[in-house]
Amino acid sequence: MDLALALGRRGLGNAWPNPAVGAVVVDEAADVPVIVGRGWTQPGGRPHAEVEALARAGSRARGATLYVTLEPCSHHGQTPPCADAIIAAGIARVVSAIADPNPEVAGEGHARLRAHGIKVEVGLREAEARHAHAGHFRRARDGRPHVTLKLAVSADGKAGLAGRKSAAITGERARAQVHLMRAMNDAILIGIGTALADDPQLTCRLPGAEARSPVRVVLDTALRLPEMSALVRTAAHTPVWVFAGADADAQAAESLTRHGVEVLRVPATAGRLDLTAVLHVLGNRGITRLMVEGGPILAAALLRADLVDEAAIFRSDVAIGTTGIDALEGLTLPAVTASPRFVSRGIEAVGEDRLETFERAGS
65 MDLALALGRR GLGNAWPNPA VGAVVVDEAA DVPVIVGRGW TQPGGRPHAE VEALARAGSR
125 ARGATLYVTL EPCSHHGQTP PCADAIIAAG IARVVSAIAD PNPEVAGEGH ARLRAHGIKV
185 EVGLREAEAR HAHAGHFRRA RDGRPHVTLK LAVSADGKAG LAGRKSAAIT GERARAQVHL
245 MRAMNDAILI GIGTALADDP QLTCRLPGAE ARSPVRVVLD TALRLPEMSA LVRTAAHTPV
305 WVFAGADADA QAAESLTRHG VEVLRVPATA GRLDLTAVLH VLGNRGITRL MVEGGPILAA
365 ALLRADLVDE AAIFRSDVAI GTTGIDALEG LTLPAVTASP RFVSRGIEAV GEDRLETFER
425 AGS
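Using my numbering, read the sequence shown as starting at 65 and increasing by one per residue.
It should be emphasised that the hints constitute simulated quantities derived from the structure, not laboratory data.
Just so we're clear, the structure is a prediction, and the values are computed from it rather than from any experiment.
Be aware that a few hints might be false.
[Unchecked claim] The calculated label-pair distances, taken between Cβ atoms and stated as ranges, are: (1) A314 <-> E412: 45 to 53 Å; (2) E236 <-> E168: 39 to 47 Å; (3) R297 <-> L225: 19 to 27 Å; (4) T321 <-> G181: 51 to 59 Å.
We treat Cβ as the ideally placed atom computed from N, Cα and C, and that holds for glycine.
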């Protein structure tokens with residue numbers, strides 16, 4: 065199951081709208097168990113991990129055990145049910161980490177396997193699987209993606225220079241880690257303030273991983289994103305979705321659309337978009353894992369709305385000074401680090417910086 069979980073991680077950020085599942089077929093008839101098939105969810109969510117593993121196992125799947133990180137599907141979507149493929153392959157035993165909360169599955173996959181005489185065991189590495197499939201679970205239950213807030217914070221709790229100018233707070237290793245995080249998320253979200261101040265690309269620029277860049281999402285109530293911005297200029301290569309208010313200028317929307325940007329409209333109040341509505345639109349479009357990179361206003365708004373499920377705080381020993389801007393607009397870092405809503409998952413060194421991760425309590 066540990067191997068299945070590791071295989072499943074290969075699909076993170078690349079398998080949406082489906083969960084990134086891992087599967088391993090093991091021939092346990094001999095004195096020493098032998099792995100005869102491995103699989104993980106392929107780009108775009110198909111083929112599923114179980115089908116991949118069974119295809120690699122071939123005839124050796126008959127009488128074998130299948131270890132899988134999520135309950136096999138039992139419904140007809142764009143592919144036949146994985147439960148049927150498992151039955152047809154002659155698998156004798158299925159060890160499943162966790163049941164699927166998707167209403168179209170929700171125990172039916174396990175039930176179908178048992179009805180065909182397959183031994184089914186559920187719960188091995190359940191906690192790890194719940195974390196691995198957090199995006200799928202959140203979307204199935206709440207209709208929105210799992211939201212990870214990324215913050216880079218100076219030694220004195222600042223996120224940028226005076227005038228909202230960007231600053232290189234963390235070192236090279238931490239920046240590489242952020243690019244890896246981008247590759248493992250379906251979409252990345254910033255506010256228009258960050259887009260205007262930093263003109264970011266928001267792509268994954270690790271060697272060989274450029275194709276794993278997430279969908280770039282910008283909250284831009286009045287459609288101020290410039291046509292010559294890095295995001296707009298690269299929209300034809302890596303998708304850019306811009307959320308605007310219902311009254312945003314139609315001509316500006318048409319101009320962005322000509323450059324390959326997709327403009328989506330949601331309700332806005334006092335110039336601020338409805339964040340819950342934004343997340344539900346993303347969920348409806350298949351986004352399961354959303355990384356938030358900027359800036360302090362958006363980060364604080366998501367925290368106030370209780371829409372943050374996980375936080376990754378990169379801390380530097382470099383101080384910016386009292387003129388710098390706070391990491392959270394109108395809030396202090398203890399809104400995450402000392403909040404009963406979050407529990408720490410630990411601290412690790414990332415080059416000369418430190419990364420502390422938090423997750424929603426009880427998730």
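Verification of the hints:
no.	hint	verdict
1	A314 <-> E412: 45 to 53 Å	holds, 48 Å
2	E236 <-> E168: 39 to 47 Å	holds, 45 Å
3	R297 <-> L225: 19 to 27 Å	holds, 25 Å
4	T321 <-> G181: 51 to 59 Å	holds, 55 Å
Hint compliance for this structure: no hint is broken.
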